[in-house]
Amino acid sequence: MSETQTPTGDPGAASDAAPTTATAGANAPSAGAGGRRSLLPRITLLRHLLVLVVGAAVAVLLLESTELNTNIKLGNVAYLAIAAGGLTLLTGLSGQISLGHGALMAVGAYTTALMLDVERSEEPPSLALVFLAAVAATTLVGALVGVAAARLHGPYLAGATLALAVGLPGLALYFSDTFNGEQGLTIRPPERPEWFTETVEQLSGATGRGLNDKWVAYIAVACLLISYFFLANLMRSRMGRTWRAVRDQEVAAELAGISLGAWRVLAFVVSAAAAGLAGAVLAIVVQLAAPGSFLPVLSLSLLTAVVIGGLGTLTGALLGSALLVFLPPWLIDLGRDVFDMEEAQASQSSFVVYGLLLVVTMLFAPAGLVGTIRLALLRRRAARALTRSGRG
Amino acid sequence: MAEAPLDRTTPPPDRAPTARLEMTDISVAFGGVTALEAVSLTVEPGQVHGLIGPNGAGKTTMFNVACGLVRPSSGRIAWKGSELRRLRPAQLTRLGIARTLQGVGLFAGMTVLENVMVGAHRHARSGFLSALFAIPTADKDEERLRERAMTALAELDATAYAERYPGSLPYPVQKRVALARALVAEPDLLLLDEPASGLSEDEMHELGELIRTLSARMSVLLVEHHMDLVMRVCDRITVLDSGKPIAVGTPEEIRANPAVTEAYLGDDVDVAAHTTEFGSTRSETAPTGTEGASA
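The listed protein sequences correspond, in order, to chains S and P.
Residue numbers for the first sequence follow UniProt numbering, so the first one is 1 and each next one is one higher.
Residue numbers for the second sequence follow UniProt numbering, so the first one is 1 and each next one is one higher.
FYI, nobody ran anything at the bench for these hints, they're computed from the structure.
Keep in mind it's a predicted model, so treat the numbers as computed, not measured.
Certain hints may be false.
Each pair of labels, with its calculated beta carbon distance range [unchecked claim]:
hint : chain 1 : residue 1 : chain 2 : residue 2 : range
1    : S       : Leu50     : P       : Lys140    : 17 to 25 Å
2    : P       : Arg76     : S       : Phe364    : 33 to 41 Å
3    : S       : Leu173    : P       : Lys140    : 49 to 57 Å
4    : S       : Ile43     : P       : Ala160    : 21 to 29 Å
5    : S       : Val51     : P       : Gln102    : 40 to 48 Å
6    : S       : Leu50     : P       : Gln102    : 18 to 26 Å
7    : P       : Leu129    : S       : Phe326    : 30 to 38 Å
8    : S       : Leu62     : P       : Ala160    : 41 to 49 Å
9    : S       : Ala376    : P       : Ser27     : 52 to 60 Å
10   : S       : Leu152    : P       : Gly81     : 36 to 44 Å
Note that beta-carbon positions come from the ideal geometry of N, C-alpha and C, so glycine has one too.
Whenever a hint applies, use it, and build me the whole structure from the sequences.
Given below as structure tokens:
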């Protein structure tokens with residue numbers, strides 16, 4: 001293990017290079033270790049609350065300045081980004097891979113569907129309660145999977161979690177009395193409150209039936225912001241640093257007193273909780289919990305989003321998820337309008353372009369979008385430090 | 001001997017006399033190969049104990065047994081008066097035993113400061129919930145860890161590198177950072193695995209001084225090829241050959257012991273006359289015995 005760390009260059013010469021590993025871009029230092037000037041406050045709580053408020057303002061602007069159709073798409077981005085955020089913590093920080101997060105989302109979605117599945121006349125339980133239950137149920141499943149996962153590495157872990165992604169939705173077919181088989185459970189969207197209608201009317205003048213979808217989009221984005229607040233807190237804390245230690249050097253981490261297994265399970269549980277919330281949000285956005293929504297391709301898309309955006313960064317997870325939602329339709333439009341393709345042809349070729357984009361990203365920016373930018377900044381800072389020390 | 005032995009003071013009275021590591025009759029077998037056979041070793045509180053022997057003698061294996069990476073097939077380990085049994089390395093660290101790795105083993109994706117902060121893991125107080133909700137006490141706890149880490153870096157004269165990444169630092173500096181990471185845990189027993197490899201004469205001299213300074217605060221178990229360093233800093237030395245202990249004693253006794261001389265070089269050579277890497281000398285001449293066993 002330790003031998004891999006021996007520097008290859010001349011041991012006497014200090015090359016002042018920034019780290020070049022793909023995950024290095026993920027390494028925003030933890031709160032205590034960040035010694036750099038920043039516009040943001042040093043206290044984690046203030047810092048992240050500030051980002052939260054700014055994020056909320058941006059979200060309201062986005063949702064109010066776009067059409068209903070885009071609102072719904074933003075809802076899609078939100079649930080994907082919640083799951084991707086959890087996954088980026090798992091894969092980027094603790095170094096475990098999961099191809100089964102789609103299945104964990106299914107747990108959250110079905111929990112939501114079952115809890116909201118009451119007679120029309122009855123008052124459904126409050127949405128916050130339902131979401132908490134969905135998160136709790138998924139956390140439990142995640143803990144079970146996590147205990148098994150902590151013992152597995154690399155391809156074995158990928159295989160085991162993939163099996164989860166393939167197998168778990170099948171349970172819906174097996175217990176079709178409860179889960180209504182292939183058709184799945186339809187979900188009554190939450191009623192928008194009166195104050196929301198009034199506020200939106202004042203903000204952008206939107207009225208009518210579409211407001212319910214808007215309300216759902218707002219809930220989705222709110223969940224995104226809240227979950228990212230918590231994930232960011234963890235990543236910036238001692239927890240984040242410990243996970244990165246587990247990822248980088250198992251033996252050294254263990255010798256520092258870190259129980260590898262316990263920390264791996266913890267990372268899995270946290271990311272499962274995020275996936276559970278994502279599933280719950282998906283359920284109310286799509287208004288359906290069916291096995292077809294949780295095919296293994298969902299799990300793979302999540303991983304794609306995380307890697308393209310930049311492993312280990314929440315911004316990256318958000319960007320990747322946005323690409324996942326907005327890029328394919330944009331490519332289809334492009335194919336149809338610019339290259340004069342048939343609708344079917346255009347949608348087929350959009351997959352090809354999407355795949356190519358993935359390959360190109362991995363070839364030229366293996367650290368992902370955010371990771372590459374962060375690496376460039378690190379290099380620039382290192383170069384500046386070098387010139388400064390050269391002068392002094 | 002190029003340099004005079006360093007001042008060997010008796011352990012200060014405030015040392016807990018129970019912080020003693022007693023390894024009794026340790027045997028380890030990998031497959032059918034016996035790597036260690038009934039080796040006993042006691043590290044007294046506040047002492048620097050050297051573990052030497054030719055390549056393949058089982059030094060590193062013994063070392064790994066001490067820190068829980070290798071489970072002995074028989075034998076007992078007692079630490080601070082109570083027996084250690086089936087402990088994972090992480091648990092040992094919490095009991096006050098820290099070690100450095102033979103390579104460097106730094107976390108490549110973290111700054112030097114963060115590397116050392118990881119080492120302070122056992123002193124962290126804030127838990128998961130305070131991190132999740134970013135309660136300011138978690139920040140304060142981080143600040144405390146940061147100060148501890150900076151103190152450890154200062155002791156090793158490496159504060160200037162705090163914001164750098166380990167991959168960009170020269171090897172000797174990396175070794176110092178790795179040592180700081182072990183020290184920041186404030187262990188009662190520090191296990192050093194070949195701390196002098198890759199160091200220049202001057203750096204090795206500084207390391208010797210440092211180890212003597214540390215022995216005022218903790219006991220040290222040292223595995224090292226460089227004989228002059230071992231002779232200079234150790235209070236007691238255990239010599240292994242082919243998995244068996246062949247001598248225990250003060251540096252003077254070891255130097256005068258003919259069995260040790262023979263194990264290292266065959267006959268007729270004075271140990272003290274050779275101050276460089278004995279292990280490599282032997283590996284060229286020695287017949288293959290249990291060579292691979294402790295690799």
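Here's how the hints hold up against the structure:
1. Leu50(S) with Lys140(P): 17 to 25 Å: holds (20 Å)
2. Arg76(P) with Phe364(S): 33 to 41 Å: violated (58 Å)
3. Leu173(S) with Lys140(P): 49 to 57 Å: With Cβ atoms ~52 Å apart, the hint holds.
4. Ile43(S) with Ala160(P): 21 to 29 Å: holds (27 Å)
5. Val51(S) with Gln102(P): 40 to 48 Å: holds (43 Å)
6. Leu50(S) with Gln102(P): 18 to 26 Å: For Gln102(P) against Leu50(S), whose Cβ atoms are near 46 Å apart, the range 18 to 26 Å is violated.
7. Leu129(P) with Phe326(S): 30 to 38 Å: holds (36 Å)
8. Leu62(S) with Ala160(P): 41 to 49 Å: holds (45 Å)
9. Ala376(S) with Ser27(P): 52 to 60 Å: holds (55 Å)
10. Leu152(S) with Gly81(P): 36 to 44 Å: holds (39 Å)
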